[in-house]
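2 protein chains.
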Amino acid sequence: MVLRVDFNSDEALYMQLRNQIIFGIATGRIREGDSLPSVRQLAEYVSINMHTVNKAYSVLREEGFVKLDRRRGAVVALESDKKRVLEEMREEIAVAMAKAVCKGIGREEVHRLVDEIYDLFANWEESME
Amino acid sequence: MVLRVDFNSDEALYMQLRNQIIFGIATGRIREGDSLPSVRQLAEYVSINMHTVNKAYSVLREEGFVKLDRRRGAVVALESDKKRVLEEMREEIAVAMAKAVCKGIGREEVHRLVDEIYDLFANWEESME
DNA sequence: CAACTTGTTATATAATTGCTATAACAGTTA
DNA sequence: TAACTGTTATAGCAATTATATAACAAGTTG
Chain D
1 MVLRVDFNSD EALYMQLRNQ IIFGIATGRI REGDSLPSVR QLAEYVSINM HTVNKAYSVL
61 REEGFVKLDR RRGAVVALES DKKRVLEEMR EEIAVAMAKA VCKGIGREEV HRLVDEIYDL
121 FANWEESME
Chain C
130 MVLRVDFNSD EALYMQLRNQ IIFGIATGRI REGDSLPSVR QLAEYVSINM HTVNKAYSVL
190 REEGFVKLDR RRGAVVALES DKKRVLEEMR EEIAVAMAKA VCKGIGREEV HRLVDEIYDL
250 FANWEESME
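So the sequence lines, in the order shown, correspond to chains D and C. With this note's numbering applied, the first sequence corresponds to residues 1 to 129, in that order. With this note's numbering applied, the second sequence corresponds to residues 130 to 258, in that order.
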């Protein structure tokens, strides 16, 4: 899977990597048990510092997406506490939804958007990359 | 409406204010045409600097929630370009939804969460504060 | 064994961001 | 005039982000 960073983005580089890897898992391009590149390999590949990649991997570990192993590097291992995941999600989308309500977006429109994004994940094709 | 800031939060103070005001509008506690407190009043009230409040108001103006006027201060004025609002929302919830998909959350569960939050906004009672 | 790779840890430095502090200015209101 | 608005400018401090070097222990490979 292709990983890139945008140096002109106002989003932190380690967060860009984190997000791309999460998208990779959600779209099935990265599967449970897969190994991610080593921190040094990925750092050289995207032309950033080793520690920045390491921070991305550390965040992914704390969030229950990978396990870090001295032998195999970062291995995708999904740890799921559904109740906690839903609680986190509520926090993350609450402000976005409040904004939408203020601007007159109805719940049907949000449902449609949610379905659109779900379909995007489910029907991901390598040709889209 | 009561506004507070949490100095121990890792969220920027001006963003805390911005979010609370957006929630206030979404729940109907603040209505179109209402004036927000002056930057100096609110700054003193929550014990932060004037410029931090000013930044919160500036963000709200850029996002189309208020208009800043030298006479009446910050006045709630909702400017809505639905297409743009939905585009922004997609960006804001995409990562959260990718996380949910990774952790095995189905779209029905997300719909339920969306409805819950919508109900929270619609049925807001002053007694909840 | 030796060479190499893994994550991990430790420093140090520079740039940016968030927040504060003070001060002043122009326009509005009473 | 006096008191209030938002706005602008400057300065300083702390935390975050990203970088650069360097070293270490543990596992893998030739």
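These are calculated hints, taken from the structure and not from any lab test. Keep in mind that the hints are not guaranteed to be accurate.
Stated by the list, open to error - Cut-off 20 Å, straight-line C-alpha distance, at most; resulting in silico cross-link-like pairs (EDC-like, lysine to aspartate or glutamate):
(1) D:Lys82 - C:Asp139
(2) D:Lys55 - C:Asp139
(3) C:Lys211 - D:Glu108
(4) D:Lys82 - D:Glu92
(5) D:Lys55 - D:Glu108
(6) C:Lys211 - D:Asp69
(7) C:Lys212 - D:Glu11
(8) D:Lys82 - C:Glu140
(9) C:Lys184 - C:Glu140
(10) C:Lys212 - C:Glu237
(11) D:Lys67 - D:Asp115
(12) C:Lys211 - D:Glu62
(13) D:Lys83 - C:Glu140
(14) D:Lys82 - D:Glu63
(15) D:Lys55 - D:Asp69
(16) D:Lys82 - D:Glu32
(17) D:Lys83 - C:Glu237
(18) D:Lys83 - D:Asp69
(19) C:Lys212 - D:Glu32
(20) C:Lys211 - C:Glu237
(21) C:Lys211 - D:Asp115
Predicted model only: the values in this text are computed from it and were never measured.
Do the hints match the structure? See the list:
no., hint, result
1, D:Lys82 - C:Asp139, "violated (24 Å)"
2, D:Lys55 - C:Asp139, "holds (18 Å)"
3, C:Lys211 - D:Glu108, "holds (14 Å)"
4, D:Lys82 - D:Glu92, "holds (15 Å)"
5, D:Lys55 - D:Glu108, "violated (38 Å)"
6, C:Lys211 - D:Asp69, "violated (47 Å)"
7, C:Lys212 - D:Glu11, "violated (23 Å)"
8, D:Lys82 - C:Glu140, "violated (25 Å)"
9, C:Lys184 - C:Glu140, "holds (14 Å)"
10, C:Lys212 - C:Glu237, "violated (25 Å)"
11, D:Lys67 - D:Asp115, "violated (30 Å)"
12, C:Lys211 - D:Glu62, "violated (36 Å)"
13, D:Lys83 - C:Glu140, "violated (23 Å)"
14, D:Lys82 - D:Glu63, "holds (13 Å)"
15, D:Lys55 - D:Asp69, "holds (15 Å)"
16, D:Lys82 - D:Glu32, "holds (17 Å)"
17, D:Lys83 - C:Glu237, "holds (15 Å)"
18, D:Lys83 - D:Asp69, "violated (27 Å)"
19, C:Lys212 - D:Glu32, "violated (36 Å)"
20, C:Lys211 - C:Glu237, "violated (25 Å)"
21, C:Lys211 - D:Asp115, "holds (18 Å)"
In the structure shown, a violation is registered for the earlier hints numbered 1, 5, 6, 7, 8, 10, 11, 12, 13, 18, 19 and 20, in ascending order.
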